[in-house]
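*Asks:* Quick note: the sequence shown uses the numbering used here, first residue 182, plus one each step.
Bear in mind the hints are in silico, worked out from the structure with no lab data behind them. Treat the hints with caution; some may be incorrect.
Derived lysine-lysine pairs resembling DSS-like cross-links, with alpha carbons at most 30 Å apart [unchecked claim]: (1) Lys310 with Lys270; (2) Lys237 with Lys260; (3) Lys260 with Lys270; (4) Lys237 with Lys270; (5) Lys270 with Lys289; (6) Lys222 with Lys237; (7) Lys237 with Lys218; (8) Lys260 with Lys289; (9) Lys222 with Lys310; (10) Lys324 with Lys218; (11) Lys218 with Lys310; (12) Lys270 with Lys218; (13) Lys289 with Lys218; (14) Lys310 with Lys289; (15) Lys222 with Lys260; (16) Lys237 with Lys289; (17) Lys324 with Lys260; (18) Lys310 with Lys324; (19) Lys222 with Lys270; (20) Lys218 with Lys260; (21) Lys270 with Lys324.
Between beta-carbon pairs, the in silico distance windows are [as the list claims (entries may be wrong)]: (22) Pro243 with Thr326: 42 to 52 Å; (23) Glu281 with Asp244: 25 to 35 Å; (24) Gln236 with Val292: 31 to 41 Å; (25) Leu346 with His214: 23 to 33 Å.
Don't be surprised by glycine CBs; every beta carbon is placed ideally from N, CA and C.
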Amino acid sequence: LLSLAGIAASCAVTRPEDLNGAYRDILDQRHNHYELKPGDKLSISLYNRETDLNQKDVLVLPDGRSDIFFMDNHVLVGKTVGEIEAEFKARASSEVRDPEVSIQVTPKDDVAYLVGQFERPGTVTLTTKMTLHEAISSMGGTKITGDTDWALLRRPFRDPRHPDLFRIDLNDEVEEIFLLPGDQVVLNRTFMAG
182 LLSLAGIAAS
192 CAVTRPEDLN
202 GAYRDILDQR
212 HNHYELKPGD
222 KLSISLYNRE
232 TDLNQKDVLV
242 LPDGRSDIFF
252 MDNHVLVGKT
262 VGEIEAEFKA
272 RASSEVRDPE
282 VSIQVTPKDD
292 VAYLVGQFER
302 PGTVTLTTKM
312 TLHEAISSMG
322 GTKITGDTDW
332 ALLRRPFRDP
342 RHPDLFRIDL
352 NDEVEEIFLL
362 PGDQVVLNRT
372 FMAG
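Please model the entire structure based on the sequences and the hints provided.
*Replies:* What follows is the structure in structure tokens.
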């Protein structure tokens, strides 16, 4: 009876809210307190403006600086997205009234791996707030032969030699699963496709 309980527990699917909860402190740091480093890329969107002042793929240079609208040769390294948004709003306020700014960061070398029954399996470059479904969409979705009832998430974030393993249900949309650098999502074939 105990062995059956162990097998059932090992086959259990981890709920998205439980998975995010187990990494809440790490996700909070990535989402709200991530500090820019050389090689990171920023996408800046400015709303409530008739002309297009949006910038994509602004590279943080090795010296920690970059040129963005209203802030030429500005130091970005070591600052959070919130700090840069505040600086941008302060500098842009003379040109743009009540600017609404959105900045998205793509950290250098932060990737996740999607293997198996995805349309275009491979690596996906992560943003600081990328969800599993966004990553799957960027890979073209799942193949019809993919078993979306569960996939394996290998998470080597805390210990690369002994990654945490989770069975996840790709159809569970109660809460989005946020990806971390090095995550590996393995999607097998359905029983019928086999």
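*Asks:* Take the hints in turn and mark each one as holding or not.
*Replies:* Okay, the hints, checked on the actual structure:
The hinted pair formed by Lys310 and Lys270 meets the criterion: a straight-line CA distance of about 22 Å does not exceed 30 Å. Restraint check for Lys237 and Lys260: the C-alpha separation of about 19 Å stays at or below 30 Å, so the hint holds. Restraint check for Lys260 and Lys270: the C-alpha separation of about 15 Å stays at or below 30 Å, so the hint holds. For the given pair, Lys237 sits about 18 Å from Lys270 by alpha-carbon distance, which is consistent with the 30 Å threshold.
In summary, the hint linking Lys270 to Lys289 is supported, as the alpha carbons are separated by about 25 Å, within the 30 Å threshold. Our distance criterion of 30 Å between C-alpha atoms is met by Lys222 and Lys237, whose separation comes to about 8 Å. Proposed proximity of Lys237 and Lys218 is supported: the alpha carbons are some 17 Å apart, at most 30 Å. Note on Lys260 and Lys289: the hinted pairing holds, with a Cα-Cα distance of about 15 Å set against a maximum of 30 Å.
Straight-line distance between C-alpha atoms of Lys222 and Lys310 comes to about 14 Å, which keeps the hinted pair within the 30 Å bound. For the hint pairing Lys324 with Lys218, the CA-to-CA distance comes to about 36 Å; that exceeds 30 Å, so the pair is violated. For the proposed pair Lys218 and Lys310, the alpha carbon gap of about 17 Å is at most 30 Å, so the pair holds. The suggested pairing of Lys270 with Lys218 holds, with an alpha-carbon distance near 21 Å, which does not exceed 30 Å.
Taking the CA atoms of Lys289 and Lys218, the gap is near 8 Å; set against the 30 Å cutoff, the hint holds. With a C-alpha separation of about 14 Å, the suggested pair Lys310 and Lys289 falls inside the 30 Å cut-off, and the hint holds. Distance hint between Lys222 and Lys260 is fulfilled; the C-alpha atoms sit about 13 Å from each other, no more than 30 Å. Among the hinted pairs, Lys237 with Lys289 is consistent with the structure: their alpha-carbon atoms are about 15 Å apart, no more than 30 Å.
The straight-line distance between the Cα atoms of Lys324 and Lys260 is roughly 40 Å, outside the 30 Å bound, and the hint therefore fails. Note on Lys310 and Lys324: the hinted pairing holds, with a Cα-Cα distance of about 25 Å set against a maximum of 30 Å. Restraint check for Lys222 and Lys270: satisfied, since their Cα atoms lie roughly 19 Å apart, inside the 30 Å limit. For the hint pairing Lys218 with Lys260, the CA-to-CA distance comes to about 9 Å; that is within 30 Å, so the pair holds.
Among the hinted pairs, Lys270 with Lys324 is inconsistent with the structure: their alpha-carbon atoms are about 44 Å apart, more than 30 Å. Against the hinted window of 42 to 52 Å, the Cβ-Cβ separation of Pro243 and Thr326 comes to about 45 Å, which satisfies the hint. Restraint check, Glu281 to Asp244: a C-beta distance of roughly 30 Å satisfies the suggested window 25 to 35 Å. The given range of 31 to 41 Å is broken by Gln236 and Val292, whose C-beta atoms sit roughly 23 Å from each other.
In this structure the supplied range 23 to 33 Å holds for Leu346 paired with His214, their Cβ-Cβ distance being about 28 Å.
In terms of the numbered hints stated before, the structure departs from hints 10, 17, 21 and 24, listed from lowest to highest.
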